[in-house]
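Q: What follows is each chain in one-letter form.
There are 2 protein chains.
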Amino acid sequence: MEQITPQGKDFSQWYLDTLKVADVFDYTPVKGAMVIKPYGWKMWELFQKEMNTRMEEMGVENAVFPTLIPESFFKKEAEHVEGFAPELLTVTRVGKKELEEPYVLRPTSETIIYDSYARWIHSYRDLPLKMNQWANIFRWEMKTKPFLRTSEFFWQEGHTVHQTAEEAEAMVLEALDLYTNVFEEVFALKGIRGKKTPNETFAGALYTTTLEVLAKDGKAIQSCTSHNLAQNFSQAFGISFTDQNEEQKTPFITCWGTSTRALGTLFVAHGDDKGLKLPPKIAPIQVVIIPVIMKKEQETEIEESVLALEKELKDAGIRVKVDRRDLRPGNKFAEWDIASDSMMIARRDTSEKFSLERNNCVPAIFDLLEDIHQSLLRSSEEFLQKNTSEVFDFESFCEVLETRGGFIKVSWCGDSDLEKEIQEKTKATIRCIPFEDMERPKGKCFYTGKDAKEIVVFAKSY
Amino acid sequence: MEQITPQGKDFSQWYLDTLKVADVFDYTPVKGAMVIKPYGWKMWELFQKEMNTRMEEMGVENAVFPTLIPESFFKKEAEHVEGFAPELLTVTRVGKKELEEPYVLRPTSETIIYDSYARWIHSYRDLPLKMNQWANIFRWEMKTKPFLRTSEFFWQEGHTVHQTAEEAEAMVLEALDLYTNVFEEVFALKGIRGKKTPNETFAGALYTTTLEVLAKDGKAIQSCTSHNLAQNFSQAFGISFTDQNEEQKTPFITCWGTSTRALGTLFVAHGDDKGLKLPPKIAPIQVVIIPVIMKKEQETEIEESVLALEKELKDAGIRVKVDRRDLRPGNKFAEWDIASDSMMIARRDTSEKFSLERNNCVPAIFDLLEDIHQSLLRSSEEFLQKNTSEVFDFESFCEVLETRGGFIKVSWCGDSDLEKEIQEKTKATIRCIPFEDMERPKGKCFYTGKDAKEIVVFAKSY
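Chains as they are written, first to last, in numbering that gives the first Met the number 0: chain A, 0 to 461; chain B, 0 to 461.
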C-alpha cells in the first residue's frame with residue numbers, strides 16, 4: 000500500500016498523496032490541467048445528478064452556450080474584462096489562417112449568454128428566465144492544485160433574469176440556499192454563509208455571496224458563489240423588456256456557480272491520515288464486500304454468498320464493489336462468518352467494527368449509510384465551531400492565525416485599503432461578512448479601533 | 000403558430016423551420032456554433048443516460064481529459080494531423096503574452112488520451128483499459144447546419160486498449176452494436192452497418208465501421224463511427240505492456256464516438272410536415288395534458304382532475320406537461336370529458352384520436368408509449384427498405400440518384416480514384432461496405448465492368 004504523508008506533517012503533501020492513492024486524477028502535459036479519472040469523475044456525475052434534481056424543482060433548465068467568446072464581447076462590461084484579462088486563453092488561428100477577430104475561451108459565460116438573452120427577452124412574459132449550463136471553464140492560473148485550482152475546470156453556472164431588484168435579491172439567496180443544502184445533504188459539510196467585501200466581489204457584480212468551508216488545515220475555501228449582477232450586464236448587452244404597462248424596462252440578473260473545486264473542498268474538509276473520507280451520497284462505492292477465505296474448502300460457498308449479497312445490495316440501489324484482491328485477511332476490513340450467517344462491518348468514518356445479521360441486511364445498511372452521513376456532518380459542524388475564533392485586537396488576531404488558523408471573526412471598519420494591508424502582512428483575507436452576525440452590535444474595529452461597520456470573518460484561504 | 004415549410008418543397012428550409020418551432024437551438028455570434036436550448040439539451044441528457052447505462056454494463060468508465068492539446072502532440076501520428084490540420088482552432092495567447100507552444104482545441108482526443116494511457120499501462124494486468132469521455136469538440140467547418148455540422152459540438156468518445164488484435168476487432172463491433180442498439184431502442188431508427196472505404200476511413204485508423212441512417216430527403220447520415228486503430232497510435236505514443244511471459248508488447252487500440260449529430264439524425268429521419276416526431280424514450284415531454292374548458296363552471300373541477308392526472312403520470316416516471324395556454328379547443332389535440340370519466344388521446348406519430356378510460360390509465364399510457372416506439376421503428380425500417388435500391392450500371396445509378404435518392408447498392412471494383420471520380424460527377428459517396436452483403440457473390444463492378452471486390456452502398460450525404 001502506498002504511504003500517505005500525515006496531515007500534521009505536511010498538509011499539501013497529504014493532499015497529493017491522498018488523491019494519488021484514491022486514483023482520482025492525473026497530471027497532463029497541459030499546464031495546470033488534469034485528467035479526472037473515473038473514480039473522481041463519478042463523484043462529479045453524482046453531484047450533477049443531485050444538483051439537477053434540485054435545480055429542476057427551482058424551475059431552472061439546462062442549456063449550453065458556445066465555449067468561444069468573441070474578444071470584443073468581453074470588453075462590453077468594463078470591470079468584468081479587467082477582472083479576467085490576464086487569465087484569458089485566446090484563439091487567434093484556424094489551421095494556418097489568422098482569425099479576423101480572436102476568440103477567448105470562456106473564463107465564465109456572462110457575456111455570451113447575455114448576448115442570447117438579449118435576443119430572447121422581449122416582454123415581462125419571458126421573465127423570469129432561469130437557465131443553467133454545465134461547462135468546462137478556462138483560466139490560466141499561475142499556481143495550480145488538482146481540483147482546487149486548475150487551468151481547465153468544470154462547473155455549473157446558473158443565469159437568471161428578473162423583472163425587479165427584489166426578485167433578483169431573493170434568487171441570489173435561493174441559489175446560495177441550494178448550495179448550502181447540497182453541501183449539507185450530499186457532502187455532509189457545514190460552512191459560513193455571507194457577503195463578500197468589495198475587494199472580493201465578482202468583476203461586474205453589485206455584490207457576491209458565498210459559502211466558506213474550512214479545510215482540515217484550518218484554511219478557508221470558497222465553495223461556491225452567488226452574485227447579484229443588478230442591471231450592469233443588462234445595460235451592457237442591451238437586454239430590456241416591456242412590462243405590464245407597456246413600458247420599456249431593464250431587467251435584473253443573477254448568476255451563481257460551483258465547480259469541481261467543490262470536490263477538492265470535500266477532500267480537504269473530510270479527509271484524514273488514512274486518505275479520502277467520502278460521505279455516502281457522493282461515494283462512487285458505498286459498500287465494499289471483502290470475502291475472507293480461511294479454508295480452501297469454503298471458497299465456493301463464500302463466493303456464492305458474496306454474489307448473492309452483491310446482487311441484493313445492487314438491486315436496492317446501493318453502489319457496491321467486491322474486492323477479491325488476494326491480500327492477507329489482516330489487510331482487509333471485514334470478515335465473513337458463513338456458519339453464523341453474519342458478517343463483519345467496518346465503518347470508514349469511525350473505524351468501528353461490528354457484526355451484522357446477513358438476513359434482511361439491506362435496511363440496516365441503509366441506516367448505516369445515513370448514520371455515516373450524519374456523523375460526518377456532525378464532525379464538520381464541530382470542526383467549524385472549534386476552529387472559529389473571535390478576537391478584538393490585531394495582536395491576538397496574528398497569534399490565532401499563526402497557532403490555530405481557522406476562521407477569525409472580528410469587528411471591522413470596512414476600509415478596503417486596510418483589508419489589503421492586512422493581507423500583505425498576514426496572508427489572511429476577509430472570507431465574508433457572515434449573515435449570522437449581521438444583526439449583532441458591531442463594536443470597535445480590531446485593526447483601527449474606530450467604530451466598526453460590520454463583523455467579518457478572516458482566514459488564510461485556498 | 001409558425002409555419003413549417005413542407006419537406007417536399009424545400010427540405011433544408013423544413014429542417015430549419017422545424018428546429019425553430021421546436022425551440023431546440025439558436026444561432027450565436029460564434030461562426031457555426033449554436034446554443035442548444037433546454038428542449039434540445041434535455042434530449043442529449045436523456046441520450047447520455049441511456050448510453051451511460053449501457054457503457055457501464057460493457058465495463059467502460061467515464062473520465063475527462065484536457066480540451067487543450069499541445070500542437071506538437073498532434074503531429075505524432077502523421078495521417079492524423081493531415082486529416083485535421085485545416086480545421087484546428089489554435090490558442091496562441093494568454094492575456095497579452097504569446098504562448099511558447101500553442102495549444103489546439105481538441106477536434107478529437109486520441110493524442111491527449113493516449114499520452115496518459117502511455118503512463119498508465121505497464122502490464123497485461125492493466126488491460127483491457129476501457130474509458131469514455133463526454134466532451135465538447137471543435138472543428139472549424141466551412142458549411143454548418145444546426146446539430147448536423149457545427150464548429151463546436153458535443154460527443155462521447157470511447158477509447159479502449161487491448162492485448163490482442165482479435166480483442167480489438169471484437170471491441171470495434173461491440174461498440175458498433177452499442178450504437179445500433181441505442182439507435183433502435185432509444186431513437187427507433189434502423190440503418191445500414193458496414194465498413195468505410197479507405198477514402199472515408201478515420202485519419203490514423205486501420206479501418207472504420209459505421210451505422211448509416213437515411214434522412215427523409217433520401218440523403219445518408221453517418222450516425223456514429225467505431226474505429227480500429229490497430230497499433231498506429233500505440234507506436235506513436237509509446238504505449239507498451241509486459242505480457243504474461245514478461246515480453247514487451249505493443250497493444251491494440253479502438254475508439255468510437257457519436258455526437259449531437261445523432262439528434263440531427265433523429266430530427267431528419269423521423270420528422271414530418273408537422274415538425275419534430277420524437278420517439279418516447281428521447282422525448283423531453285412524453286405526454287401533454289390539454290385541459291379543454293367548454294363551460295366556465297367546470298373550470299375548478301377540470302383543474303383538479305388535471306393536477307391529479309399530472310401527479311399520477313409523474314409519479315409513474317412519465318415526463319408530462321400541462322398545456323394551459325388559452326387557445327381555442329380546436330387548436331388543441333385532446334379533450335376532457337369529466338362526466339364520462341374518460342379522456343381523448345391524440346397520438347403525435349399517427350395523428351390517431353381515441354378515448355381512454357381515466358381510471359387506472361397509467362399502464363395504458365405506458366403501452367401507448369411502447370406502441371409509438373414500435374410504430375416509429377417499423378416506419379424507419381420500411382423507409383430504409385423502400386429507399387435502398389440495387390443497380391448494375393452507371394446510367395441506372397445516376398437515374399436512381401437523381402429521381403429517388405436513398406441508398407444505392409452496387410458491385411464495386413474497390414478503386415479509390417474512381418470513387419473520387421464518381422463523387423465529382425454525382426456528389427454521391429460510398430457510405431459503407433455493408434456487413435449484410437459481405438457473404439454475397441460480388442459480381443461485376445457497376446462502373447468499370449471489372450470483377451468486383453465488394454458490394455458497397457452509395458448515397459448523397461449530410
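It cannot be assumed that every hint is accurate.
No copy is singled out in the list; a pair is fine if it fits within one copy or between any two copies.
Unchecked claim - The calculated lysine to any residue pairs, modelled on SDA-like cross-linking and capped at a C-alpha distance of 25 Å, are:
1) K313 x Q247
2) K276 x K385
3) K408 x I344
4) K95 x G82
5) K273 x D366
6) K313 x E49
7) K19 x P127
8) K280 x T52
9) K129 x R403
10) K218 x V399
11) K194 x E97
12) K30 x W133
13) K218 x T425
14) K41 x R403
15) K280 x S378
16) K313 x T52
17) K144 x S395
18) K295 x Y446
19) K48 x V80
20) K295 x A363
21) K95 x R347
22) K30 x K295
23) K276 x S395
24) K320 x W119
25) K385 x E97
26) K248 x W119
27) K19 x R118
Since the hints were made in silico from the structure, they are not lab data. What you are looking at is a predicted structure, and each value in this text was computed from that prediction instead of being measured.
Q: Against each hint, give a clear statement of whether it holds in the structure.
A: So, going through the hints one by one against the coordinates:
Proximity of K313 and Q247 under a CA criterion of 25 Å is satisfied in neither setting, with 57 Å inside one chain copy and 39 Å between copies. In the homo-oligomer, the alpha carbons of K276 and K385 lie at most 25 Å apart inside one protomer (20 Å), although the nearest pairing across protomers, at 60 Å, exceeds that limit. Neither within a single protomer nor between protomers do K408 and I344 lie at most 25 Å apart by alpha-carbon distance, with minima of 42 Å and 63 Å respectively. Taking CA atoms no more than 25 Å apart as the test, K95 paired with G82 passes between copies only; the shortest distance there is 14 Å, against 31 Å inside one copy.
Proximity of K273 to D366 under the C-alpha cut-off of 25 Å is restricted to the intra-copy arrangement: shortest distance 24 Å within a copy versus 52 Å between copies. Both within a single protomer and between protomers do K313 and E49 lie at most 25 Å apart by alpha-carbon distance, with minima of 19 Å and 18 Å respectively. Proximity of K19 to P127 under the C-alpha cut-off of 25 Å is restricted to the inter-copy arrangement: shortest distance 21 Å between copies versus 44 Å within a copy. When the C-alpha separation of K280 and T52 is checked against a cutoff of 25 Å, the pair qualifies both within a copy, at 14 Å, and between copies, at 19 Å.
Taking the closest pair of Cα atoms, K129 and R403 never come within 25 Å of each other, the shortest separation being 42 Å inside a single copy and 46 Å across copies. Taking the closest pair of Cα atoms, K218 and V399 come within 25 Å of each other only inside a single copy of the chain (13 Å); across copies the shortest separation is 72 Å, beyond that limit. With identical chains, the CA atoms of K194 and E97 are never at most 25 Å apart, being 44 Å at best within one copy and 37 Å at best between copies. In the homo-oligomer, the alpha carbons of K30 and W133 lie at most 25 Å apart both inside one protomer (23 Å) and across protomers (21 Å), since each shortest distance falls under that limit.
Taking identical chains as interchangeable, the C-alpha atoms of K218 and T425 lie at most 25 Å apart only when both belong to the same chain, with a minimum of 13 Å there against 68 Å between chains. Taking CA atoms no more than 25 Å apart as the test, K41 paired with R403 passes in neither setting, with 35 Å inside one copy and 48 Å between copies. Within a single copy, K280 and S378 get their C-alpha atoms as close as 16 Å, which meets the 25 Å cut-off; across copies the closest is 43 Å, which misses it. Taking the shortest alpha-carbon separations for K313 and T52, both the intra-copy value of 22 Å and the inter-copy value of 14 Å come in at or below 25 Å.
For the identical chains of this complex, K144 and S395 are neighbours neither inside a copy (31 Å) nor across copies (65 Å), given an alpha-carbon limit of 25 Å. Taking identical chains as interchangeable, the C-alpha atoms of K295 and Y446 are never at most 25 Å apart, the minima being 72 Å within one chain and 69 Å between chains. When the C-alpha separation of K48 and V80 is checked against a cutoff of 25 Å, the pair qualifies neither within a copy, at 33 Å, nor between copies, at 37 Å. In this assembly of identical chains, the alpha carbons of K295 and A363 never lie at most 25 Å apart, being 30 Å within a copy and 54 Å across copies at closest.
Neither within a single protomer nor between protomers do K95 and R347 lie at most 25 Å apart by alpha-carbon distance, with minima of 55 Å and 49 Å respectively. With identical chains, the CA atoms of K30 and K295 are never at most 25 Å apart, being 51 Å at best within one copy and 67 Å at best between copies. Neither within a single protomer nor between protomers do K276 and S395 lie at most 25 Å apart by alpha-carbon distance, with minima of 33 Å and 70 Å respectively. Proximity of K320 and W119 under a CA criterion of 25 Å is satisfied inter-copy only: 22 Å between copies versus 48 Å inside one chain copy.
Taking the shortest Cα distances, K385 and E97 never come within 25 Å of each other, neither inside one copy (57 Å) nor across copies (48 Å). In the homo-oligomer, the alpha carbons of K248 and W119 lie at most 25 Å apart inside one protomer (15 Å), although the nearest pairing across protomers, at 57 Å, exceeds that limit. For the identical chains of this complex, K19 and R118 are inter-copy neighbours only, at 14 Å across copies versus 47 Å inside a copy, given an alpha-carbon limit of 25 Å.
Consistency note: the structure conflicts with the earlier hints numbered 1, 3, 9, 11, 14, 17, 18, 19, 20, 21, 22, 23, 25.
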